[in-house]
Structure formats: C-alpha cells, structure tokens
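Novice: Okay, here's what each chain looks like letter by letter:
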Amino acid sequence: MNLSVNIAGVEFKNPVTVASGTFGSGAEYGDFVDLSKLGAVTTKGVANIPWAGNPTPRIAETYGGMMNAVGLQNPGIDVFCKRDIPFLQQQNASIIVNVCGKSEKDYVEVVERLADEDVALLEINVSCPNVKEGGIAFGQDPKALEQITKAVKAKAKQPIVMKLSPNVTDITEMARAAEAGGADALSLINTLTGMKIDIHRRSFAVANKTGGVSGPAIKPIAVRMVYQVANAVKLPLIGMGGIMNYEDAIEFMMAGATMVSVGTANFHNPCVTLEIIEGMKKFMEEKGIEDINEIIGCVK
Amino acid sequence: MSGVKMTAKVRSQEKLASDIYSLVLHAPEIATASKPGQFVSLYSKNGANLLPRPISICEFDTENGTVRLVYRVVGKGTDEFSKLKEGDKIDVMGPLGNGFTLKDKKAILIGGGIGIPPMVELAKWLDCEKSIVLGFRDETFLLDDLEPSGEVYIASEDGKHGVQGNVLDAIREYEIEGDIIYACGPTPMLRAIKEYAIANGIEAQISMEEKMACGIGACLACVCKSKDVDHHTNVNNKRICKDGPVFDAQEVEF
Ligand SMILES: Cc1cc2nc3c(=O)[nH]c(=O)nc-3n(C[C@H](O)[C@H](O)[C@H](O)COP(=O)(O)OP(=O)(O)OC[C@H]3O[C@@H](n4cnc5c(N)ncnc54)[C@H](O)[C@@H]3O)c2cc1C
Ligand SMILES: Cc1cc2nc3c(=O)[nH]c(=O)nc-3n(C[C@H](O)[C@H](O)[C@H](O)COP(=O)(O)O)c2cc1C
Ligand code: FES
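Chains as they are written, first to last, in our numbering: chain A, 1 to 300; chain B, 1 to 254.
None of these hints come from the bench; they were simulated from the model. Don't take every hint at face value.
[Unchecked claim] SDA-like mimics (lysine to any residue), calculated; alpha carbons at most 25 Å apart, straight line:
1) A:Lys82 to B:Lys124
2) B:Lys211 to A:Glu109
3) B:Lys45 to A:Lys132
4) B:Lys227 to A:Gly30
5) B:Lys89 to A:Pro86
6) B:Lys211 to B:Val74
7) B:Lys124 to B:Tyr21
8) A:Lys13 to A:Lys132
9) A:Lys132 to A:Glu117
10) B:Lys45 to B:His26
[Stated by the list, open to error] To give an idea of the chain B side of the interface with chain A (calculated C-beta under 7 Å), a few residues:
11) Lys5
12) Leu50
13) Gly150
14) Glu151
15) Val152
16) Cys214
17) Ile216
18) Thr233
19) Val235
The structure displayed is predicted, hence computed values, not measured ones. Where a beta carbon is used, it is the ideal one built from N, C-alpha and C, also for glycine.
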C-alpha cells in the first residue's frame, strides 16, 4: 500500500500535515504524537522579527468551530531557526515553514534566512494585511498576490506554497494569480472572517472584533474551493478547513488535494492526526486502493 | 510533559450550591501526576462544542486514583458536565499548567468565587501557619473542605456571610497577616491583590484565567502580558495554560 505523495518534487511519507498555527512548532504536541509519523509538521507563521500579536480574548468557540484573532504572534525567524528547526530535525519530522509578513521585504527576508535550512516547503500566508496598500490582505488582490509570489519565488531555495485566503469573491482568480507568479503549489483554505457578539456584555467575543473562523463548520466551503481550484490550475494542492477524521481527509483528496492539513481538530483531540493516518490506511484496505494517489481529484 | 488525555469514569457528582457542582473522576494517571494549582481540560461529547473546558483541580487522591473538580454552570459545556452521573465517561486531559510553588512562609490563601476550589488541595499541602480568606457572591460552598486545613475568614457581597465586601475587606477587618499570598479568582480581585502585595512588600502567586483552545501551549490563544520578554515566545507574552496559570503577580501585567 502506498501512502506517499509528492508536492513540487518533494516526497512526503503520507498526505497528512497539520494546519499552521494550531500545532505551534510541534514541541507541545510531541507529547501526544510521534512527529516523525506525520507527512510533515507545518509550523506557526513566522516573520522576520518577533510579533506580539493581538490583545485577548483572542479566541471564541462558535457552533462546530471557533474564531481566532491571535494576530500571528511569533518569536521571529532567528529564534525559530535556532530552536524550532533543530527540534523538528531531531524528531525526524519533515518541515513545512509557514511565513508571514507585513511587506514584501518582510517575506523575502524570512525566505532568504531559510535558504540553507533543511526545510521541505515554504508555505506563504498571504492573509496578512499589506501595510503599504492600506492594509488589504495580499491574498485579496490578484495583482498583489502575483507580485508577492514572484518576489518570494525569486529568492526561495525551497518550493513555495501560496496559502490562499477564502475571503474573496472568486478563489480561482487568486489561484491563477499565484500560478502566474510562479507558485509551486497552493494551500487552502485559510480562515473565513467572522464575528461573534457577547450579548450579555454587549461586546465583541474577541478583542480584535473580527476573527478567522475554522473547524468543521467551514468544511463544505473548503471542499468546494479545493475542487474549484483543482480544476482551475495545474498546481498540486494542500487542502484544509474543518478536517476532523479520515473521512474528511479523503473527501478533500477526492476534491483534488494532494495533501491535507489538520488544524482545529487538534484542539479537540491532540492525537487526531495519527488516527486520521490509520483511518486512511483502513479505508484503502477496505476499498482495495493500492496507491493513495489514485484518489486525488477522482471526483470530477 | 503536557499531561495525558484519557477517558475517565465518573465516581460521583454532587450539587454544592445553586449552580455549583463537585465532580469526582477516576483518572489515576492524572491524580498521581498532579500538583496544587494545576488544571485539567474537560471535553464535551457534543461535537458542536469543540474546545476543551479548563477546570482547576480541587483535590486529588493518589491512593484512589481520583481527581475532584468543583465548577459553576455558566454555559453549554458546564451544563453538560453537571448532568454526568456515577459510571458515565468523560474525556479529560491533565494535569496541565504549572501549579503553585509552595514556600515555607506564613501564608494567606485567597479564593474568590469559583477561584476557591484550587485552594482546597493547596491548603492541605502547605505545612505552615496559614489563613484562608474566601469571597462569595451570596451562597457559600467548600467551607467544610477548607476548615480542617486552617483558619477560614469570609467576605460576601451581600454581607450575609462574614464581612460585607471583598476578600481584601476581610483581610483588613480581621487584621490578617502573612508573608506570601496564594490567590485564585476574578481578575479585578487579582488586580487588587497585586496592589496589596506590592504595598505590603510581600510575594503573591496568582492564578490567571483566559479563553483557551489547545490548553498545552501551542496555539497562543491564552496569553497574558509579561513584564519581561518571555524566553519561549520571545515577546512580552506568557501562555497561561503552559507557563501559568500561576504567576508571580509582579511578572504579569493585567
Ligand atoms: C486555568 C483555568 C481554571 C479554571 N478553573 C475553574 C474551576 O475550577 N471551576 C469553574 O467553575 N471554572 C473554572 N474555570 C472557568 C471555566 O473554564 C469556564 O467556566 C468554562 O470553560 C465555561 O464553559 P461552558 O461551556 O460552560 O461555557 P460557554 O460560555 O458555553 O463556553 C464557551 C467557550 O468559552 C470558554 N470559556 C467560557 N468562560 C470561560 C472562562 N471563565 N475561562 C476560560 N474559558 C472560558 C469555554 O471553555 C468555551 O470554549 C477555569 C478557567 C481557567 C482558564
Ligand atoms: C488558532 C489558529 C491559529 C492559526 N494561525 C495561522 C498562521 O499562523 N498561519 C496561517 O497561515 N494560518 C493560520 N491558521 C489557519 C489554519 O492554518 C487553517 O488554515 C484554518 O484553521 C482551517 O483549518 P481547520 O479548520 O482545520 O483549522 C490558524 C488557525 C487557528 C485556528
Ligand atoms: S490555550 Fe493554546 S497556548 Fe494556551
């Protein structure tokens, strides 16, 4: 039985990784999960310098999911390279680094800093506000997205995965822009912007007023977007959004994803990723699937 | 180590006051690893409520392998937990967080409302001179559990029990003295205690609260501001679930 998949020439032992920001750099979840058993560990967004993030409350539970406005708190690329990469290497984990920034220069700085590191893929989070363009996210404007993709691609030593924001009218337009900019792969979806009001306190549930909604509540939207993008571009996809079990993971793959990321589900069950991998194997056995690659995009 | 996640069997459930419940779980792996001031994450069976509920460990019994939780029903999760009966099962992860650092100094233990439960185990562990100061809204609870461990002083908002006012009013009224404060309760109470501790030049360990998602230090949902740059986050933020919930009052800003 073959579970290994390939993204832009990089081989992963299975298609299951974790969604950036839900797993830290793996150290805490390492107590529950053998990190070497995952297809890869995708780390929390890291910027060129440390970011303090947003005020609290940063999260709120929503029906079948949650909303977060952590604000991309991160220790900065120096600490990340000194502490987190060596830790993950020691665990024999394959590493996907999620990168964030407020300007083209920020992103490029991080990517250049990672040039000599043993990292499988770079995932570029373009849901961050572009400070120069008045705060609209890079991922919400096709021109800005193509431009940032080009700039990152020009300096990156590893294949780049552009992580698409679902907060757009037409996700395929963004996918094409990233493809035109030279992306090696795409990942989707990031969180959907939402709002929750505490009616007793007459205030917003998270201090930032709005937050990104994740978890099973957003899954049908994510599957639809993965399907649309799979049919709009030639690039391999990493699919995510509400995956709770192996059935969900298979669903994303059938819609067109080569790999899947598990995010919010880790909060509900810290061992869920390994259970998903085991479930996939069982599913393949039952259905007589020899190679997991057979099912990628099989539903047309 | 971030504790273990397991399915625990309910040993008993008891109603202590109008909306306050006491739940005893059989969870030997958690009981044997616990320290006073740590907490557990409880998981709802309803898939719509995905996030774990952090609840302080009120007491643990290593011999019987049990952990006792005392909680107030405030929403969907705690309402579900209050309906658990002996023999039912529930998913729980723990022990989580750091717990109190026990010092051999004349102690004042302060619990406000639903911050009282962790004081029960702490009071048993502190082998020194100690006063226990409790603040209630109206109804009292856990008095029988605390009285064997030390002198108990009470404040209540309506004045029906003890001093009318808050825990600091009780400390002043009864002229309670100590060299260290251990406290858990609502943020305004903790803020007042921090001020009091600074004014009196004594140490205060306070247990903080924030909305949590992972409960183990990975997601950065539950931070509080710290005076110095934190070694892990590399910014002025500490994770309440991992670096706390207990902090030296002077190292955090809130
Ligand atoms: C370290 C720690 C220890 C705690 N110990 C106790 C205890 O011993 N006894 C007790 O009664 N309560 C305790 N709390 C508060 C308890 O976690 C909340 O009352 C509980 O999560 C409410 O869940 P719910 O589903 O009933 O409420 P809902 O309002 O339906 O919950 C919705 C979401 O908000 C979160 N939430 C709501 N209130 C709080 C809160 N005050 N703090 C953190 N998250 C919250 C819930 O976990 C859930 O994710 C503690 C909190 C923390 C952080
Ligand atoms: C607490 C939290 C933090 C997140 N942080 C990041 C981040 O740093 N970078 C990023 O690209 N996405 C981040 N995300 C988005 C997730 O990676 C993922 O795209 C989204 O949550 C959908 O997947 P899920 O429903 O499985 O969680 C975060 C999500 C959550 C819930
Ligand atoms: S709840 Fe995730 S870091 Fe504390």
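Novice: Next step is simple, just say for each hint if it's right about the structure.
Specialist: Quick rundown of the hints versus the structure:
1. A:Lys82 to B:Lys124: Violated, at roughly 43 Å.
2. B:Lys211 to A:Glu109: violated (33 Å)
3. B:Lys45 to A:Lys132: violated (46 Å)
4. B:Lys227 to A:Gly30: violated (29 Å)
5. B:Lys89 to A:Pro86: The given pair, whose Cα atoms are some 40 Å apart, is violated under the 25 Å limit.
6. B:Lys211 to B:Val74: holds (14 Å)
7. B:Lys124 to B:Tyr21: holds (21 Å)
8. A:Lys13 to A:Lys132: violated (40 Å)
9. A:Lys132 to A:Glu117: violated (29 Å)
10. B:Lys45 to B:His26: Holds, at roughly 18 Å.
11. Lys5: holds (6 Å)
12. Leu50: At about 5 Å, which falls below the 7 Å cut-off, the nearest Cβ of chain A leaves the hint on leucine 50 of chain B intact, so it holds.
13. Gly150: violated (34 Å)
14. Glu151: violated (36 Å)
15. Val152: Violated. Min distance 32 Å.
16. Cys214: holds (5 Å)
17. Ile216: This hint holds: isoleucine 216 of chain B lies near chain A, its Cβ roughly 5 Å from the closest one there, short of 7 Å.
18. Thr233: Check passed: Cβ of threonine 233 of chain B comes within 6 Å of chain A, closer than 7 Å.
19. Val235: Since the shortest Cβ distance to chain A is 4 Å, the answer is holds.
Hints 1, 2, 3, 4, 5, 8, 9, 13, 14 and 15, counting from the list given before, are not met by this structure.
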